[in-house]
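K.L.:
Here are the chains, one letter per residue:
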Amino acid sequence: SQQGEEDPQALSIQEGENATMNCSYKTSINNLQWYRQNSGRGLVHLILIRSNEREKHSGRLRVTLDTSKKSSSLLITASRAADTASYFCATGSYNTDKLIFGTGTRLQVFP
Amino acid sequence: AAGVIQSPRHLIKEKRETATLKCYPIPRHDTVYWYQQGPGQDPQFLISFYEKMQSDKGSIPDRFSAQQFSDYHSELNMSSLELGDSALYFCASSGRGGTTWGYTFGSGTRLTVV
Chain Y
131 SQQGEEDPQA
141 LSIQEGENAT
151 MNCSYKTSIN
161 NLQWYRQNSG
171 RGLVHLILIR
181 SNEREKHSGR
191 LRVTLDTSKK
201 SSSLLITASR
211 AADTASYFCA
221 TGSYNTDKLI
231 FGTGTRLQVF
241 P
Chain L
5 AAGVIQSPRH
15 LIKEKRETAT
25 LKCYPIPRHD
35 TVYWYQQGPG
45 QDPQFLISFY
55 EKMQSDKGSI
65 PDRFSAQQFS
75 DYHSELNMSS
85 LELGDSALYF
95 CASSGRGGTT
105 WGYTFGSGTR
115 LTVV
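Protein chains in written order, with the working numbering: chain Y, 131 to 241; chain L, 5 to 118.
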């Protein structure tokens with residue numbers, strides 16, 4: 131990946147369980163974003179956290195950011211089968227508008 | 005609400021042929037980005053345009069070119085196609101400072117080179 135790694139690469143859980151995905155990056159960032167992608171489909175923006183923020187919530191999503199460790203985590207609580215998708219982190223920096231994506235985590239939620 | 009429109013959705017070309025992918029951004033979005041996603045891979049940044057000028061360039065082969073037109077739509081032109089060009093090609097749009105607010109992606113064009 132151009133920017134970093136996500137782990138795990140794949141995660142399988144039962145409905146109702148929580149899913150945690152981690153993302154590490156290499157460079158200084160302005161913000162970090164999480165996107166969701168259903169198989170072979172477009173990417174959908176989920177949540178954005180700025181470099182001066184440590185935690186952010188949106189519905190069942192909770193994102194944390196640790197700039198000292200250059201890492202972020204995405205927590206999906208009370209997962210549903212419809213959450214089955216690939217999840218990518220992407221970082222934005224100060225001097226460019228482009229986003230750099232991580233390698234993604236494939237989440238499978240079994241009913 | 006209008007989203008980012010990409011055409012065609014699917015495209016099959018033979019090696020050494022040329023392909024043109026089109027992207028129509030969300031109205032009033034002035035920045036367009038192109039990404040390539042190979043099977044099982046993360047999206048790789050190719051190129052971006054702001055106000056019809058190239059604003060950033062990534063790992064785009066010399067065989068590819070792109071431009072943004074006066075109506076802000078963008079086209080990605082791909083020549084001398086190779087088997088390795090088979091991928092999903094995504095276009096995204098944003099207002100200025102897109103990384104501050106997030107992109108809106110299109111549904112992508114799946115290019116298959118045979």
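No wet-lab data here; the hints were simulated from the structure.
All values derive from a computational prediction rather than experimental measurement.
Warning: the hint list may mix true and false statements.
Okay, the calculated beta carbon distance ranges per label pair [claimed, not checked]:
no.: 1; chain 1: L; residue 1: G99; chain 2: Y; residue 2: T207; range: 43 to 51 Å
no.: 2; chain 1: L; residue 1: S83; chain 2: Y; residue 2: S169; range: 25 to 33 Å
no.: 3; chain 1: Y; residue 1: R210; chain 2: L; residue 2: A6; range: 37 to 45 Å
no.: 4; chain 1: Y; residue 1: P241; chain 2: L; residue 2: K61; range: 38 to 46 Å
no.: 5; chain 1: Y; residue 1: F240; chain 2: L; residue 2: Q71; range: 33 to 41 Å
no.: 6; chain 1: L; residue 1: S90; chain 2: Y; residue 2: N182; range: 35 to 43 Å
Using N, Cα and C, we set each Cβ at its ideal position, and we do this for glycine too.
K.L.:
Look at each hint and say if it fits the structure.
P.N.:
Against the structure, the hints:
1. L/G99 x Y/T207: 43 to 51 Å: Given a distance of about 31 Å, which is not inside 43 to 51 Å, the answer is violated.
2. L/S83 x Y/S169: 25 to 33 Å: With Cβ atoms ~30 Å apart, the hint holds.
3. Y/R210 x L/A6: 37 to 45 Å: 28 Å, violated
4. Y/P241 x L/K61: 38 to 46 Å: 45 Å, holds
5. Y/F240 x L/Q71: 33 to 41 Å: Since Y/F240 and L/Q71 have Cβ atoms about 46 Å apart, the given range 33 to 41 Å is violated.
6. L/S90 x Y/N182: 35 to 43 Å: Holds, since L/S90 and Y/N182 (Cβ atoms, about 41 Å apart) stay within the stated range.
Taken one by one, the earlier hints fail for this structure at numbers 1, 3 and 5, listed in ascending order.
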